[in-house]
Structures are given as structure tokens and as C-alpha cells.
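Novice: Chains A and B, in that order, are what the protein sequence lines are. For the first sequence, the working numbering assigns the number 1 to the initial residue and increments by one for each residue that follows. For the second sequence, the working numbering assigns the number 1 to the initial residue and increments by one for each residue that follows.
These are calculated hints, taken from the structure and not from any lab test. From the three backbone atoms N, C-alpha and C, an ideal C-beta is built for every residue, glycine too. Keep in mind that the hints are not guaranteed to be accurate.
Below 25 Å or equal to it, Euclidean Cα-Cα: the simulated SDA-like pairs (lysine to any residue) are [to be verified]:
id, chain 1, residue 1, chain 2, residue 2
1, B, Lys183, A, Ser69
2, A, Lys183, B, Glu73
3, A, Lys183, B, Ser69
4, A, Lys183, B, Gly68
5, B, Lys183, A, Gly89
6, A, Lys183, B, Arg23
7, A, Lys183, B, Ala90
Sample of chain B residues lacking proximity to chain A, with all beta carbon distances greater than 12 Å (derived) [as the list claims (entries may be wrong)]:
id, residue
8, Asp14
9, Gly41
10, Phe50
11, Leu78
12, Val80
13, Cys91
14, Gly103
15, Ala109
16, Lys164
17, Ser214
Per the computed footprint, the stretches of chain A lying under chain B, defined by three or more beta-carbons under 8 Å from a beta-carbon of chain B, are [claimed, not checked]:
id, region
18, 116–123
19, 145–152
Number of protein chains: 2
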Amino acid sequence: MKIIAARKLLKANDQLAEENRARLDAAGVFCVNVVGSPGAGKTTLLEALFATVAGRVKPAVIEGDIAGSLDAERIAKLGVPVVQINTEGACHLDANMIAAALGSLDYDAVDVLFIENVGNLVCTAGFDLGEHLRIVVLSTSEGDDKAAKYPAIFQGSDALVITKADLLPHTNFNADRITADMKRLAPNAEIFQVAALRGDGIVATADWLVQKLSSGR
Amino acid sequence: MKIIAARKLLKANDQLAEENRARLDAAGVFCVNVVGSPGAGKTTLLEALFATVAGRVKPAVIEGDIAGSLDAERIAKLGVPVVQINTEGACHLDANMIAAALGSLDYDAVDVLFIENVGNLVCTAGFDLGEHLRIVVLSTSEGDDKAAKYPAIFQGSDALVITKADLLPHTNFNADRITADMKRLAPNAEIFQVAALRGDGIVATADWLVQKLSSGR
């Protein structure tokens, strides 16, 4: 695990994102930007996906956090290569931070690179990192009104993964409501419902990702 | 309910925050800034508190949201005066937005003004709104590692309200861990644990607020 301190933006974000994407394409690495609120279950989703795709694909992770490396340590325990970016207060990752982290990756050992963004349902929406897919993660315990209240991040995502489905009996979350909002905001997005700790829905999500990976690079 | 579109910052935030505080002090209104992730349960906490303090204090609310007025509609149903600020994409409220909203308040009808900030555990930390107290709301379902990962917002808060305690049996949330982190980051902060939908812990939280209100203005 390496730790990189975020530096100031050196180039316009979109230009750098395109450069990142070209670099990933040239290396044959498919890249997925994972966004969502603090505590939505992004790291736990990655842990469950990695257990399911083991042997089929070679994942790596860039972890974005304000401070510390708690999530990167969880990923490293799985034997998955991980680079930690500490944003030092910044509320989202940007393409410049990713460009710096890409230099630390052994491309030969990686098929698919997951970028776990800072927990933030607002600011992460505006920054293309050079990914091929963006997945927004929303937990049932956050409530079914979040797409209506934070539309931008749902609008720009290729899939919605509803996590913590095991909490459904204990919440007033209505999956029909968020599904209707998501269909309106992002009609082509896939919607998955998972309970990552017990494995529900993980195979379907993993299969979709592997299919995207196969067709996307 | 009034809806105000956020305008650009006209003055430095801190100066405007002091002006807001002076204006509130002159009017005898105690102001509480409520921050937390999307879906932490900020609105539900306010609903429960208002039911408990009914007759003892006269509350009002400024609701900050990226889009829409879902939360303001919930507050208005309780007969509590509410002003909706739509930030139109901005990730936090600032003192200028609050200054605009204060003009819509009938100060004679208000003892305590709650500002429900945009759901964001990062960006809201940096903006004094002119409040007297800041409360950070964290739900058990978000995980006990959040103070370690997002220290700034916990550090600057006068109280931590841990919500959704009814989900504790269904999560791996360890209250001792977040309490230890909070004691380190904000040694003088109060910590409450509530299950707002069924009322647990609300009386203690409300009593503390009423006592702060009595001594604070």
C-alpha cells in the first residue's frame, strides 16, 4: 500500500481525465469510479465483489479518503493491490490525484481498477476521473428520497447499487420509489440490490461488471 | 414555506457569520447548525425533538438542500416555520445564504432556529453560519469509523447525536469506538444516542438543547 498526498490541480480536470482514460485503455485496464455517501458500504461492496470474482479478474483499488488509510488496510488484507490517496480535507478525488496514483500501479497485474471515492453524495458528481463506468452506492438506511434530493450524482452514474438490503425489514425504505427516481434520472442505468455482508445480489453485480469489463476494453 | 435560491458569496463567510450571530443575538434567537451525511436522520431527529419540546420553546427551521423541498414539507406539516434554501448544486450552506433566509423569519415567533445543512460530512465543516451550537448527526448504519475518516466535522461540533440506535442489533456499529474517537477530537462535546422514530434518547437530547438555549442567550 502506498500513500499519496493530494497536490493542487495542475491541469484542467477534464483534460487530465481523458489522459487517464487513454493511459488505462493503452494498458488494458478497465476503471470503475465508486461513489456514495459516507457509510454507504462502498468498501464492503468491494470486499464482497473481490471474493466473487477471484480467479476471473485481477482487481486493484485506489482509495480516496480525507484522512487515514482504514479502507486501504481492509483491501490490502485481501491481497488486492491498493493505493491510498489522502485528500487532506478535499471533498472529492480529481483526475490529477488519479494521474499521480496511476504511476504506482503495476498494469500487468491488473484487469479492473476500482476507485473508491471520498464519501460524498455531492462533490464527487462533478469530477470525471478517467473511469469507464461510475457506480453510485446507496444504502437502504439512508432513505429512498436520496435520488430526488441529490440528483446530479445519480444522473451521471451507470449503475445504482442499493446496499444493506438486510436492513430493509427494519427501515421504511421503498425500493420502488428510488427505482422510479433512478429510471427518470438515468434511464439506462442498471439497478442492483445487495446485502454484501451475507452475499445477496453480489453475483449478479459481479457478472454485470465482468461483462462490462469484457466488452469495454 | 419560502424558497430562496442561493446567490454567490458577496462577503467573506466568517464576517457574514458574525453578522448573522449578532442579528440572532439581538433578536434573542438561539441558533443550531445540524450537519451530517445524507440519510443520517437529521430531519427525523428534528421532527422528534419538536414533538418533545412543544410548548416549551418555539422552533423554526432553515432547510438546506441541493434541490427540492422534501424536508421543508415535512417540517411545515408540524406547524413549524420553515425557510427552504436551494443551493442549486452547492455542497454546503454558507453564511450569505443564511443571511438571506434570516430576512424571512418572524423573530417574535421563534426561540430556537435549527439550520439543517446539506447532507455532507466534509464540506459543511468549513463554514460558520452564525450559529451558537453545531450538532453532528451520525447514524449507526454509517459505521463507527466515521470520526476517524472525517475528523474535521466531528472536531468542530458541540454534540454528536448517534441516530438509528434501533438498528444497532443489525449492524456491527461499536459505540465505544466512535465515543473514543469523539472524546479525542472534541473532548467537551456531548454524545447522545437516539432512536428518533420510537423516541429513545430524545428527551435527554431535548433537555440539553433547552438548557443550552436558556444559558446561551
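Novice: Is the Cβ of alanine 109 of chain B farther than 12 Å from every Cβ of chain A?
Specialist: Fine: 28 Å to the nearest Cβ keeps alanine 109 of chain B off the interface.
Novice: In terms of Cβ atoms, is chain A entirely out of 12 Å range of phenylalanine 50 of chain B?
Specialist: holds (19 Å)
Novice: Please work out if lysine 183 of chain A and serine 69 of chain B have their alpha carbons no farther apart than 25 Å.
Specialist: holds (21 Å)
Novice: Say whether it holds or is violated: lysine 164 of chain B keeps its Cβ farther than 12 Å from all Cβ of chain A.
Specialist: violated (7 Å)
Novice: Under a C-beta cut-off of less than 8 Å, do 3 or more residues of the region 116–123 of chain A approach chain B closely enough to confirm the stated coverage?
Specialist: With 6 residues in contact (Cβ-Cβ under 8 Å with chain B), the coverage given for the region 116–123 of chain A holds.
Novice: Given the hint that lysine 183 of chain A pairs with arginine 23 of chain B, test it: the Cα-Cα distance must not exceed 25 Å.
Specialist: At roughly 45 Å apart (the allowed maximum being 25 Å), arginine 23 of chain B and lysine 183 of chain A break the hint.
Novice: Regarding the assertion that leucine 78 of chain B does not contact chain A, is the least Cβ-Cβ distance greater than 12 Å?
Specialist: Leucine 78 of chain B clear of chain A: closest Cβ-Cβ about 17 Å, beyond 12 Å.
Novice: Check the hint pairing lysine 183 of chain A with glycine 68 of chain B against an upper bound of 25 Å on the C-alpha distance.
Specialist: holds (18 Å)
Novice: Closest CB-CB distance from aspartate 14 of chain B to chain A, is it above 12 Å?
Specialist: Since the minimum Cβ distance to chain A is about 17 Å, aspartate 14 of chain B lies beyond 12 Å and the statement holds.
Novice: Taking the minimum C-beta separation from valine 80 of chain B to chain A, is that value above 12 Å?
Specialist: holds (19 Å)
Novice: Checking C-beta pairs, does the region 145–152 of chain A have three or more residues closer than 8 Å to chain B?
Specialist: holds (count 7)
Novice: Does lysine 183 of chain A pair with alanine 90 of chain B here, judged by a C-alpha cut-off of 25 Å?
Specialist: holds (24 Å)
Violation of the numbered hints given earlier is confined to hints 6, 9, 13, 16; the remaining hints are satisfied by the structure.
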